[in-house]
Amino acid sequence: MKSLLKPFLLVVLLTFSLASLAQELQVQDPYVRAVPPGSPVSAAFMELHNQGSEQRTLVAASSPVSEVVELHTHTKVDGVMQMRRVESIEVPAEGKTLLEPGGLHLMLINLKETLTPGSQVEITLTLDDGSQIELSVPVRKTQMQPMSNHQ
Amino acid sequence: MRLNRTLLWVGLALLAIFAGLQIWTGSSQNPQNLVASQPTGAPFTLDSQQGEVSLSDLDDDQLALIYFGYTWCPDICPMSMVFLAKALKNLPEELNNRVQPIFISVDPQRDTPERLQAYVEFFEAGIIGVTGEEEELKELARQYGAYYQLVEVDSAMGYAVDHTSDFYLANNKGELVTTLSHNSSGNQLQEALIDALEKSPE
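Protein chains in written order, with this note's numbering: chain A, 239 to 389; chain B, 520 to 721.
It is worth saying that the hints were derived from the structure and are not from the lab.
This one's a predicted model, so the numbers in the text were calculated from it and none came from an experiment.
Every residue, glycine too, gets a C-beta built ideally from N, C-alpha and C.
Worth double-checking, as some hints may not be accurate.
Said to hold, decoys possible - A few chain A residues that face chain B, going by a derived Cβ cut-off under 7 Å, partial list only:
no.	residue
1	Pro-275
2	Ile-347
3	Pro-376
4	Thr-380
Produce the complete structure using the sequences and hints provided.
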């Protein structure tokens, strides 16, 4: 009896702790950009909302559809767009961080399949406390909202 | 003694070469030096999947809407192409027929004409994808007032392409008619196109 109870309790505890962590950081309106057939790269965008009283930091991401997922940003220097990898993306306590066109994004590199509009892509976010958020993200054609500019 | 003197001269020569290299690479890091201060445009003939494409193929009343980009660009280039497609789609037909959008890839290492073709077709705007030799592309970009630089980055991408993201309207002689800003939304781009087409000869 005792030997059965232990794993059961562990599962219960784990489920509760994961649920509470996931509630702190919420992801809204995620999407992956549909790209031309054969394209090796795409980008994922989303809103990260931190309900908690501590800063949370996104430190990594992964997806079965690409060999690598990196955290990237765009900056505009002397009118030149520069895309660079960043180590992490911070979400302030009780605040939000936007991953949006022209700025921060998840870069999906070496795609293993064509991302067609309407399909769903699994993306896992890893946070600085080791917790993970599993997302099912729709593939969308580029939206018509203007780019954020960095002027 | 003689050996020492020879060594000294060799050392000095190496120093001079090194200094020269420093100046040369240093200046190429600065976008301002590579962009023509008063871009004039230039005629060009580049490779597409359908063969060579030249600005001189355009009719006298047509303008090329030119964008310098690369297909490994996951964000800025597709956004720009979507704005371009929207602007063209909303043009009255008689004006639409007078614009030929051209996507010039500045990343010929990765963008073959075949890849470019698949890329431009995706945007359904009649865009022609062209590329060429690196030296030729560099000079062409400079003449249009565009800047780009391949930069080694700490990423699975290997290298990134830093780039300006404007549109250029040119006639069949390769003369730059106007430059349209990177932040032009589809509507602004459309207005600028109509303006330029109405001013240019029918």
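Going through the hints against the structure:
no.	hint	in the structure
1	Pro-275	holds (6 Å)
2	Ile-347	holds (5 Å)
3	Pro-376	violated (17 Å)
4	Thr-380	holds (4 Å)
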